[in-house]
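Modelling step: build the complete structure from the supplied sequences, incorporating the hints.
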Amino acid sequence: MSLIPLRASEIPDLIAWAKFMFWVPYYSLLNMYYKWRTMPKVWTAKGKVCVITGCSAGLGEGLAKLWAKQGAHLVICARRVEPLTLVAKECESLGAASVTTVQVDVSVEADCEKLAKVAGEKFGRIDCLVLNAGISLGDIFEKLPLSAVHAVNQVNFQTKVDCTYYALPYLKKSTQPKIVPISSLGGLAGSPTRTGYSATKFALKGFFDALRNEYPGFLEVTLIYPGPVQTDLNRTRVGSMDLSWKGAMSVDEAVRLINRAVGDGKLEEVFTDAGKRTFWLRDWFPYVRNQLIVEKFNRLMVVKGADGTESNKQ
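The numbers in the sequence shown follow the numbering used here, run straight up by one, and end at 314.
Read the hints as simulated data drawn from the structure, not as lab findings. A few of these clues could be false.
[What the hints assert, rightly or not] For lysine-lysine, the following DSS-like pairs were computed, each having C-alpha atoms within a straight-line distance of at most 27 Å:
1) Lys143 to Lys114
2) Lys173 to Lys122
3) Lys46 to Lys89
4) Lys69 to Lys143
5) Lys122 to Lys89
6) Lys205 to Lys173
7) Lys41 to Lys172
8) Lys65 to Lys117
Encoded structure:
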């Protein structure tokens, strides 16, 4: 009698696992070789044309200010004109080579085209496209109206595809083009009460991994997976279930990590130790991963009542 009960369907998985472990040393060396062969030169924002969406606050604002200090040509956009104008003035005072503001609603395809044309026609190229704009979602799937799921998909995924589509001709005129999609730890493993949100973040990886491979050795894509960051993203949340933001990373720390990852040409940057564990566990130990995620979200979940009061789920 086997100490560990196995179903017949699991035997091929066990055989495949054994074969994989046999090849691990070979694949490790091969991965190091390809990483060395394709390693891009170190990149800085100085003199680069950097287009950043969602710049009226949060990560977009923080990254714009950091790259302003490095002397970038910034093309920043948002729906809200007044806060965008304030960000632009601060970027100018911090040393940006130039700052161009564009009022854009990225959920409108024509606005995505306008943003790319403003940057491309003014500078003749786009060196870096940061896809930051997004909205949040927080509730059990069956309690959500489908319109909310469609809206999250439109803003978090489709708008990034649209912006990329119209920016690509100008990115191809750069000597070292970069795209930086802002994803989430929810894009590494399915997160309860974040079904539609997680789906959009998973979709980003599939799309941008494929796009990167269409331009091997030329187009650099750095997918960013932040954990909780002290931004106003939650202001856009659809649904009654929030997460506790105690211990969330500061915007300054987050943009420092993004800047380093983009400068080093990394394929992906996963924030926090817990996020990195999820990243490593997702394929090797999926059942452990799922249990840890459920336990983590149960601890963090905050439910808002009809009277506006908030309480922990547990």
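### Message
Going through the numbered hints above, which ones does this structure break? Give me the numbers in ascending order.
### Response
Of the numbered hints given earlier, those the structure breaks are 1, 4, listed in rising order.
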